[in-house]
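Each of the two chains sits in its own frame; use the hints to bring them together as a complex.
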Amino acid sequence: MLEEPGDFTEWRSAARALLAGGVAPEDVSWRGSEEGASLFGAETVPAPAGAVSLPRELLEIAERVICHRDAEVPARLYRIIWRAARDRQLLARTTDAEVDWLRGADKAIRRDVHKMHAFVRFRRLGEEAGRESFAAWFEPSHRILRLTAPFFQRRFTGMDWAIVTPDARAIWQDEILTYGAGGTRDEVPDSDVVEDQWRTYYGAIFNPARVKIDAMRAEMPKKYWKNLPEARDIAPLLAGAEARVERMREAAVSLANPLTDKWRTRVPEELALDDDVKTMSELARAVDRCTRCPLYCDATQGVAGEGPESARIMLVGEQPGDQEDLQGRPFVGPAGQVLDEALAEAGLDRRRLFLTNAVKHFKFEPRGKRRLHQNPTTGEIDICRWWLDKERAFVQPELIVTLGASALRGVTGKSASIKSMRGDAHELQGGVKLIATIHPSFLLRLPDRERAAEERKAFVADLVRARKLAA
Amino acid sequence: MSTKSILEKLAVLADAAKYDASCASSGTVKRDSTATKGIGSTEGMGICHSYAPDGRCISLLKILLTNFCIYDCRFCINRASSNVERARFSPQEVVRLTLDFYKRNYIEGLFLSSGIIRSEDYTMEQLVEVARILREEHRFGGYIHLKTIAGADPGLIALAGLYADRLSTNVELPTEAGLQSFAPEKKPETIRKTMASVRVGADDAIEAAKSRLIGKAMPPRFAPAGQSTQMIVGADAARDDDILKTATNLYSGYQLRRVYYSAYSPIPDASSDLPPVRPPLIREHRLYQADWLLRFYGFERAEIMEGARGGMLDLAIDPKLAWALMRREAFPVDINRAPRELLLRVPGLGTRAVDRIVAARRLGKLRLGDLAKLTASVKKLLPFIVTPDWRPGGLTDSADLRARFAPPPEQLALAL
Chain D
1 MLEEPGDFTE WRSAARALLA GGVAPEDVSW RGSEEGASLF GAETVPAPAG
51 AVSLPRELLE IAERVICHRD AEVPARLYRI IWRAARDRQL LARTTDAEVD
101 WLRGADKAIR RDVHKMHAFV RFRRLGEEAG RESFAAWFEP SHRILRLTAP
151 FFQRRFTGMD WAIVTPDARA IWQDEILTYG AGGTRDEVPD SDVVEDQWRT
201 YYGAIFNPAR VKIDAMRAEM PKKYWKNLPE ARDIAPLLAG AEARVERMRE
251 AAVSLANPLT DKWRTRVPEE LALDDDVKTM SELARAVDRC TRCPLYCDAT
301 QGVAGEGPES ARIMLVGEQP GDQEDLQGRP FVGPAGQVLD EALAEAGLDR
351 RRLFLTNAVK HFKFEPRGKR RLHQNPTTGE IDICRWWLDK ERAFVQPELI
401 VTLGASALRG VTGKSASIKS MRGDAHELQG GVKLIATIHP SFLLRLPDRE
451 RAAEERKAFV ADLVRARKLA A
Chain R
1 MSTKSILEKL AVLADAAKYD ASCASSGTVK RDSTATKGIG STEGMGICHS
51 YAPDGRCISL LKILLTNFCI YDCRFCINRA SSNVERARFS PQEVVRLTLD
101 FYKRNYIEGL FLSSGIIRSE DYTMEQLVEV ARILREEHRF GGYIHLKTIA
151 GADPGLIALA GLYADRLSTN VELPTEAGLQ SFAPEKKPET IRKTMASVRV
201 GADDAIEAAK SRLIGKAMPP RFAPAGQSTQ MIVGADAARD DDILKTATNL
251 YSGYQLRRVY YSAYSPIPDA SSDLPPVRPP LIREHRLYQA DWLLRFYGFE
301 RAEIMEGARG GMLDLAIDPK LAWALMRREA FPVDINRAPR ELLLRVPGLG
351 TRAVDRIVAA RRLGKLRLGD LAKLTASVKK LLPFIVTPDW RPGGLTDSAD
401 LRARFAPPPE QLALAL
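For the record, the sequence lines run as chains D and R.
Residue 463 in the numbering used here sits at position 463 of the first sequence, and the numbers go up by one each step.
Residue 11 in the numbering used here sits at position 11 of the second sequence, and the numbers go up by one each step.
Next comes chain R alone, as it looks inside the complex (with noise of 0.2 Å):
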């Protein structure tokens, strides 16, 4: 295995890696190479420095340490019993590969993963070298996401804590049975210890700085990006309902920054109890609009459901306007009276439309005409709003309102 290329392994590692979902370098601190006179610098907006065909952007270069793995979780194209071509760098390989792509302007850092070998710590141990050389023997000063393996000592995810932006542990599966059944290494108790001492680590971090007695001696960042997790949608029978109360436990326990969710993808050498078809991209869509009804909405999981069926979001129209459909009686909304949090259960309405429909209706009432400049489409809004110029009268009560909307059914295409 050690006569592999460097560019023969990259190609082994980088599909390996392809199906995590997560390629954020947003959200951690502000830092430069002014002072370190090295390179590299983190300014708060994350930059996507390519974008693939398949339309996910490329920001970090991710990559597996290893695909060798001893764990057999069917999902995985890296299971154990899986045939993959197998691949090992060695962290110094991993270190000059992310400085050369680096230094071109290629990306933003490095998201560093890994199949288990040899045992959970001895992973996490690699993992977090490969951050510390580049951290301090090369002053990189770009970003770092590093896989936290569940099961792993405490002390070492607290060491890549110090090093890293952003750490993740994955759930894979949202419930017990799909990871009994899937993943039979895996166990959600012990994913959600690792998540509870990334959560206690960044807590201990920011007690020890609020505490300091000097003002300037301020104490290591402890992974300023946060944690992140991934489940993957549609390899097991998970409703919407499971996965998104996965991950509201996730987000009010862990504190996690992101929940991904990735449509299960045929991979090469498949399990035979998986799913051969094409990913299920619009529900993966759907859960992702749920998902930023909860954080930046005020919708409780509860209410997104209303708008659903047997658990599952419906695929043709998104889930603020399922509810909103449900919830006709909260409906027409006042455009220039109503509070923000009314506003933002318009359909239609964005979070950076409601901001600025507050700032812009402190200068004078706020008629169609002028909402057509504030927010994308007016005409999704019509149904819901009231303006000096526009009262729905009906049209919000009318019964073909979700046609409206919703993309006319297959069958009827098909018969005409």
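With the rest of the complex left out, here is chain D (with noise of 0.2 Å):
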């Protein structure tokens, strides 16, 4: 016999007692108080012959359905637990007839849950010390106001509240939680001076013109509405939809309100795209404005090279990949930090280089959260050379290191391939050394450790030669 109906530390330790014993189900009849002393008089229940256990899932889940109004649900969960200290894998058998009733009525619990979480409507009761209090009536489908509480407390520690609900009450006083009986709905206030902010809310933030009625009602049950105020404003506003946009659609179309222009006047007005730029943070800007070739349109900026117009080596990359395009900087990525560590080694100073790439917007294809960088074709490598030429005006470097087949190409104008351009300096018109070499990306994408560490040697070797030249 169950003195509190949803109390699960009752139900636990009876059921505990009796699994111990080895009661079978059907030997077991669960009664609440509320159904009157049990016809066969003094229960006894087995003294316990053992710790039995249990998945802690099942008591999880058993310690949210105790709190189902359904009378049969203790003689239920008995019946469930019995099978599962003889079953482990009882919870799993999701086909189970029983596990699914139990999955069902959890599920229950828990949407009843939920909802009071999301409907209680806390109204003021004053304030005392700067601690202000507040009152709430709810209904719930079920016995779960325990389940709740904690949950108003984590929330709302703050200040005080009460919620009364017919089986029962929490109070949240002085940050100590306690429970005490049930109430009734006079025992709250009526009403609250922000009721009318929050209904004027609600009528506002409704679109009149996408009415869907079902949709509001499978979330917010109207078994709900009598307890929250806005509800009282459903049917005046369904009734005045149709005529609200009825009117907008009538309305002709009005003259343009008369302060437009004036107000508009504060909008920044857009660079003219300039190509005649006269200083590298001109050329940066209309780098980032460029709509020379399509790629612009799905990157997040034009990338313009980076470093002092008086370097004297120019170091030419393929094109912006993932990070650059989102910080606007080249060689920022891991190909970056390769190149960063390699130019180290060689001893080149990164910050008396310049740094930039021979297409300016990264080119890429979507592939889930990641961008996968694709090669620029020779025609946006044509297209681009524009500004790599303008680039190469401004710095006037002695000698060019092209990073890669793309860089080469942009550079010379020519396809040809690194392996039959590598090594030795090669003249290119003006006096301009080139050494031609890899991209660091390339290193990255070896599988074999060994070729990698020869092909790192190999580009290092390629920075000397280019330190030495213009030295």
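What the hints contain is simulated information worked out from the structure, not anything from laboratory work.
Distance windows between CB atoms, simulated: (1) D:R131 - R:R118: 34 to 44 Å; (2) R:A237 - D:D448: 50 to 60 Å; (3) R:L363 - D:R110: 22 to 32 Å; (4) D:R185 - R:R367: 47 to 57 Å; (5) R:S90 - D:R56: 46 to 56 Å.
For each residue, glycine too, the CB sits at the ideal point set by N, CA and C.
What follows is the structure in structure tokens.
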């Protein structure tokens, strides 16, 4: 016999004792105190014969499901733990009828808990010594107050509050949570000044052009409406919706607001696209606005070169990668790190070099949460040479190091294999020297460690050669 | 304008905010007011505190700081040339409203946006100030979603990320051409740059957390619920394919948590070049389904578009079914043997049902009767699956399979 319907501790100790005593479910009759004393006089629970271990998940579910109002619940739960003590896999048997019932009942409780978290509406009682106090009346479908009160405690630590339900009440006062007997609606104030604001908000946020009553009622069933201050506005809002939309549709388009032009003068003027750039910072802005090829459509920004105009060595890569595109700077991603290390090893100071790319916008293929690099076409490289030439004109380097085949094409205008160009320096128009080497991202793609170490050594050797040539 | 009461301002500035579909309050860090002795908590799952008769949930106090705006985006009720009534809250008024609503358990927190006043930076500063007062002066632990104003200084965005759970920058129109003609002041590259600075801020915070020297000294989190955006559907000529292309670019580039699709809804005092029609709600719904396929079902955009026509998704049937009808050679799928990725492709099976099937089949062969307990509708699955007691036979390839699922054409109904 259970004294407190919905009390987990009581049910658990009774169930534990029965289970340990080996009492089969069909030999137990569970009754709540509301149903009166047992017909069979004094009840005897056999003494426990040892602890029985049950899956933790099952106990958690039982703690919720015991709150269910169905009078059969204590008995059904006992039947399940009786079986679970003999079958550790029971909960995973989702196609079992009793497990199916348990999951369903648990779902109903969790939904009820969730809706209580959502639909409790506090009304203000007053304030004492800077601490406000509130009270709410709520009618949950099941006996879930003890499952929900801790949530309100965590959320509203800094104020006093009471939630009164027909079965029980929870009170949070001076940071102590206590439970008491159930109560009635009239223990809680019947209004709150802020409710007018809330109802105004509710009415204003509703879009009359897209009425979906079923969707609303599925999530906010009518049984809750009587304790929701905003619910009394639902009927009038719906009644007026069609007319409001009709008015919108019929209203002739009015003249523009007479203040439009005055307000809009504050919009910053877009800089005219000026190809005749005179400084490096103008060039960076112009690169960012470039629409010479369609790559700008998907990239975040155009990434111009970076470094002192007095640099003697210019390093040209392929294009910005994911990180370069986000940060707006060249060689700041994984390949940039490889380059930085190689430069340091070769005795080159990055701050004294000019770093740029043959193509200024990131070309990629979206794949889930990542952007996969795509090689630029020769057409894209050739179009973008316009900017590379501008940068060369500003910096006037003595030596250019091309990293990878795209860079080589960008600088020379011709496609050639790196292999055929690697090693000795070449002479470009105007006496500028050229060293062709691999792109540092190539080193990141090599799965074979030994080969990667070898290639890396050759890459550093190319950089050392560049340093010596420019010295 | 300063003579308006709070109630009047609330009516104007909530009305102005309702065209933003986002209302999520989930996915942020767990925190509560036990230690701060203030108010406010977030527990992972968001809570919808109410529902409006339009079926949309009300989770946050969603308002504009002001609906004055120097921009003139045609689709927007707050554009400069609109004759809509204007109002402006002070940061303190928004703080007060948020706390008053929160203490009565009406909301999970605040979603604050704004028209552009004076400049992008000034507007962003005002939004950040509201969040700062809530967090620092009132120890508010509830959810805060701030709109990031495209083009605002990255320093302001970094600050916003420290106070807010979520940041969002709306794309509004998916194509460059659409933005040019409907929102002349908005530049796609400015929007993308703002999203990039949010992502860089988040990456930096993760990096800082990883490289910290003292285990417990956690650096501040940056917008832990990530960033989102919204695209308006049906205001311009953009096709579903354009919309999904933009969405995949945004997901991959800026790690967006969500892209919201909002059916263009006629607004009061509309601009003359917009459709004065009912919002295309089914189209919006199909885009959400396609979006889910991209994020949770392992579909690529090109695959989804196999079931589309002329770049538009089929309105009569859902996009997964539309794809399956074009790819019948992939079916039927054996429920008891197929890998998870293949089960996810079966029309009618959601991610949860698939998880349940994978767990349950370890303990024994699943028959049709078992499936009924694991998923909502077995009938829809029948043409695409095999179980020990079911083979679809010719059903998978039957010519009238589409008709089994699609609602009857309307002309037919008229003729009868």
